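Colleague: Read off the chains here:
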Amino acid sequence: MVPRRTSMTGAAMRRTLSEKSWGYVLAAPAFILVGCLALAPIAAALWLSLRHRLPILAVDEFVGAANYLDLLSDDRFWAACRTTLYFTVLSVTIELVLGLGLALLLHGLTRRPSPSARIAQVVTILPWAVPTVVSAQIWLWLYQPDYGLLNYLLRQAGVVAASVDWLADPDWAIHAAIAMDVWKTTPFAALLLLAGLKAVPEDLYDAARIDGAGWWERFRMITLPLLMPIILITLVFRTMDAVRVFDAVYVLTGGGPGNATETLSIYAYKTLFQSLQFGYGSALATAMFVIAAALSTMYLLLLRRHLREVP
Amino acid sequence: MIRPTEERREAGSYSDFRATGLRWVLLAVVMLFCIGPLFWQAVTSVKPDADLVRLPPILPAEITATHYERVLLGSPLVQALANSVVVAAGATVVSIVVGSFCAFALARLPIAGKSIILGLILVTSMFPPIAVISPLYLVMRELGLRDTLMALSLTHAVYALPLAVWLLTSFIRQLPSELYYAARVDGCTPLRALLTVILPLARPGLAVAALLVFIFSWNEFMFALTLTASDATRTAPVAVALFPGLYEIPWGDLAAASLVVTLPVAGLALVFHRHIVAGLTAGSVKG
Amino acid sequence: MAEVCLKGLEKRIGHTTILHPLDLTVRDGEFFVLVGPSGCGKSTLLHLLAGLDRPTSGRILFDGADVTELEPRERDAALVFQTYALYPHMTVRDNLSFPLRVASGAQRVDRKGKDIENEVQRVAGFLGLKSLLDRRPRELSGGQRQRVALGRALIRKPRLFLLDEPLSNLDAQLRSSMRTELRQLHEELKITTIYVTHDQTEAMTLGDRLATLDQGRIHQVGRPHDVYAAPANVFVAGFLGYPPMNLLQARVGSEGIAAGPFQFTVPSDLPESVRQQGVTVGVRPEDVMVGISADRHEDGAVSGVVRLVEPAGPTCWVTCDLLDRLARVTVVGASASGYSPKIGDAVTVSVRRPAVHLFDSSTGQRFGSV
Chain A
1 MVPRRTSMTG AAMRRTLSEK SWGYVLAAPA FILVGCLALA PIAAALWLSL RHRLPILAVD
61 EFVGAANYLD LLSDDRFWAA CRTTLYFTVL SVTIELVLGL GLALLLHGLT RRPSPSARIA
121 QVVTILPWAV PTVVSAQIWL WLYQPDYGLL NYLLRQAGVV AASVDWLADP DWAIHAAIAM
181 DVWKTTPFAA LLLLAGLKAV PEDLYDAARI DGAGWWERFR MITLPLLMPI ILITLVFRTM
241 DAVRVFDAVY VLTGGGPGNA TETLSIYAYK TLFQSLQFGY GSALATAMFV IAAALSTMYL
301 LLLRRHLREV P
Chain B
1 MIRPTEERRE AGSYSDFRAT GLRWVLLAVV MLFCIGPLFW QAVTSVKPDA DLVRLPPILP
61 AEITATHYER VLLGSPLVQA LANSVVVAAG ATVVSIVVGS FCAFALARLP IAGKSIILGL
121 ILVTSMFPPI AVISPLYLVM RELGLRDTLM ALSLTHAVYA LPLAVWLLTS FIRQLPSELY
181 YAARVDGCTP LRALLTVILP LARPGLAVAA LLVFIFSWNE FMFALTLTAS DATRTAPVAV
241 ALFPGLYEIP WGDLAAASLV VTLPVAGLAL VFHRHIVAGL TAGSVKG
Chain C
1 MAEVCLKGLE KRIGHTTILH PLDLTVRDGE FFVLVGPSGC GKSTLLHLLA GLDRPTSGRI
61 LFDGADVTEL EPRERDAALV FQTYALYPHM TVRDNLSFPL RVASGAQRVD RKGKDIENEV
121 QRVAGFLGLK SLLDRRPREL SGGQRQRVAL GRALIRKPRL FLLDEPLSNL DAQLRSSMRT
181 ELRQLHEELK ITTIYVTHDQ TEAMTLGDRL ATLDQGRIHQ VGRPHDVYAA PANVFVAGFL
241 GYPPMNLLQA RVGSEGIAAG PFQFTVPSDL PESVRQQGVT VGVRPEDVMV GISADRHEDG
301 AVSGVVRLVE PAGPTCWVTC DLLDRLARVT VVGASASGYS PKIGDAVTVS VRRPAVHLFD
361 SSTGQRFGSV
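Residue numbers (our numbering), protein chains in the order written: chain A, 1 to 311; chain B, 1 to 287; chain C, 1 to 370.
Keep in mind that the hints were calculated from the coordinates and are not lab data. Any given hint could turn out to be false.
Claimed, not checked - Derived pair list, reagent style DSBU-like, types lysine-lysine, alpha-carbon separation capped at 35 Å: (1) C:190 to C:130; (2) C:130 to C:157; (3) C:157 to C:7; (4) C:157 to C:114; (5) B:114 to A:198; (6) C:157 to A:198; (7) A:198 to C:130; (8) B:114 to A:20; (9) C:7 to C:114; (10) C:157 to C:190; (11) C:130 to C:114; (12) C:7 to C:130.
In this text the structure is predicted, and so the values were computed from the model without any measurement.
The whole structure should be built from the sequences, with the hints applied where relevant.
Modeller: Here it is in structure tokens:
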């Protein structure tokens, strides 16, 4: 990465520094920053995962794959895996389906520019812009058993007899978290899918109408295939985010009640910062990364034929 | 393009009209979904304390500003807001400067290993931040930046870099390459060409990237939580999460605080929503 | 095969009238061309015929049956788009078979896979696409995509065949060979065809009959030759034919009609209104002869100076400034045989009669010739 002409003076170097060298020079700051503050810590984390490191007990020894083996026999780990996967699959699926519906709706409405169309598009971005912790606070308040709006409305509608403490119920807590995540992310997924929808030429729909295709066939045989690349991208990025979910669950339930909503990242956080097991905690985090990468690779492999068909 | 295509959509038969009516109803439901919770939070933030603990009434008979007063005058929230501004601004500046240099190199200059660089940058955005926090904390301590705003700002800059680089690379690639070559022929070094020709033209892309980095930094929680230790350095999201409540959570104050914290980024998003969406979808739609 | 009848067909959007109420009849099996400049409403008319849009008022009849409210497929009309609108993610085979694979209301045909494949092979063979069946649209050339679009339209054996400027995206050479192919196609299949274009050459060479459109109104309908020889008004006269007809403002005076330096006799049936308002004199460039000065001074020949020369095969189109006391008059004419014009030449310009058209200056309508 260093220019080869190191023997020249500064001025001469400036005159003769090749484009290639300039490229390295300009890319260097990014590389240095990323290297120091991201890659190095990641490498350190991987290294830590191979050790037992308990500062309190002044333990620091290399143990190879022992942490990972412990992981495999750790029931709490598997529970966290199940919780995380449940959260991921449900959230991402609902977000994609609802997001697609919302995108189709927005697409139909924004075909002709109108003030209401503009409002629709603008408002949809709000949930994305809201800080996750704030949205968690909002939903904490909505879920509140005594004074929360949700319980009040459900009681009024006769759906439930008495208030439910959603976040204290081990069966419902994770679904409460999923609902919050769906609220926050569906509109954003919709905006991404909307961009994909707008990229489909109108002519194709006209031709299909003339060929005799009804609205469902037009959707199934033209819209969906052409939307696949962007669905895939949304799927991959959302999955990676969902597997690593932390902010929302931390503020909403802290992993509780008990361990009912303990996702992998919460488990890792507690291991690292509460029980201060840096080695095991790092192994947990690495496992998270592997799971996320595996899921994404699986999507890409299953659906890569759709990526090739980009017009 | 044939002009009639856009205008054709105006007309419709009866079935179109009915469908339109249904669509508006559905849209209203969706709008309720998006803004509803935020609206409720706003209502909560102006409800007198007495009204907060009983439902009905849903809408208060009279509104009060006490929650906002308490939050803005008595609590560490204002300091937290200021911290957030500093951290986000710093992260934005660093991210954009470093990111644009790197993006330019990736887009226009013949360096080797571009895919490796992009791959590495991508990997950093995929790895769970939770794992890097403790080594990162140690690095910061070594650099003497423990519990400082600068540490958080730099961290945000680094973790926003993948987004900034990706956005700016595709943006710079779309600028005509002749402009860069013309500048070179006129005698500029690549750096000079970047500063005097490319960057001014890339202003829209830079603006979008800056917007996204700012919003990311403002909303970021995990690093902010773990890299800051005191009220003096806490950022807004952390302050809201750790909102003081001795016996009962002060829902009114909390609502006010959460809205105050949201207002800047919500405002930015509302004003620049078109740019934001365009920026985030530019790469993915074109493929 | 269908006879297409338009009665009072009108299309308005907001305050803009795209199509003024128009009536038109296209005969069964006819190759009918709609020609007009960009924005005249011809594409809108085609979309109304196809069923992609509904008119503001008026009716559309296929073989006497009212189809105005019917969906596109129910009308059994096929449309070839200017941009071809091929499904980019499907192979040529899937594009061709799409109309057959898709369920529809009135025209539901239970097609088995083998039957569909037979149809695809038939159409592909017909259009020379057999070797391309497994390719994607992006792997095809412009001409090949054109043919796939045609194939997709024809595979249903529609009773009406609509084409929206299908050749405008092809290069010149391909355009002329495709013109021939389209004509041959029509000879073989005899499907009622309505073809929309802005290119007056295509209109003149392809159509059994044509209609000229401008600003949402039909100006003239007829066989190409008839419309060319006797244009109904100034617009039609100036639109059909290249180079465009020379149009000169003229006054009706005691000696006759004076158009620049030319003098024409006044026809006996000259309308009174024209005498007041003025006449526009039109003569096609091929009826204007440009020759070397001083040869002979025929009746009515005037002097001019060559300004521009445009070679066109055996002859040249010569733009000349005519010498006139009052104003500068410019005409385009054909160079006489044996004469190679150069810019600046002094020439004699004469007009062949009775090829001179007379138009009412205020209405643009043609009322006679001299």
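Colleague: Hint by hint, say whether it matches the structure.
Modeller: Outcome of the hint check:
1. A threshold of 35 Å between alpha carbons decides the hint, and for residue 190 of chain C with residue 130 of chain C the separation of about 23 Å falls inside it, so the pair holds.
2. As the CA atoms of residue 130 of chain C and residue 157 of chain C are separated by approximately 19 Å, the hinted pair is consistent with the 35 Å bound.
3. Taking the CA atoms of residue 157 of chain C and residue 7 of chain C, the gap is near 26 Å; set against the 35 Å cutoff, the hint holds.
4. With a CA separation close to 18 Å, the supplied pair residue 157 of chain C and residue 114 of chain C stays within the 35 Å bound.
5. Note on residue 114 of chain B and residue 198 of chain A: the hinted pairing holds, with a Cα-Cα distance of about 31 Å set against a maximum of 35 Å.
6. Annotation: proposed proximity of residue 157 of chain C to residue 198 of chain A holds, straight-line Cα distance about 32 Å (limit 35 Å).
7. Of the pairs offered as hints, the one joining residue 198 of chain A and residue 130 of chain C holds, with about 34 Å between alpha carbons and a cut-off of 35 Å not exceeded.
8. The hinted pair formed by residue 114 of chain B and residue 20 of chain A meets the criterion: a straight-line CA distance of about 12 Å does not exceed 35 Å.
9. Between residue 7 of chain C and residue 114 of chain C the CA atoms are separated by roughly 43 Å; this puts the pair beyond 35 Å, and the hint is violated.
10. A C-alpha spacing of about 11 Å is found between residue 157 of chain C and residue 190 of chain C, which places the hinted pair at or below 35 Å, so the restraint holds.
11. Of the pairs offered as hints, the one joining residue 130 of chain C and residue 114 of chain C holds, with about 16 Å between alpha carbons and a cut-off of 35 Å not exceeded.
12. Under the criterion of a C-alpha separation no larger than 35 Å, the hint pairing residue 7 of chain C with residue 130 of chain C is inconsistent with the structure, at around 42 Å.
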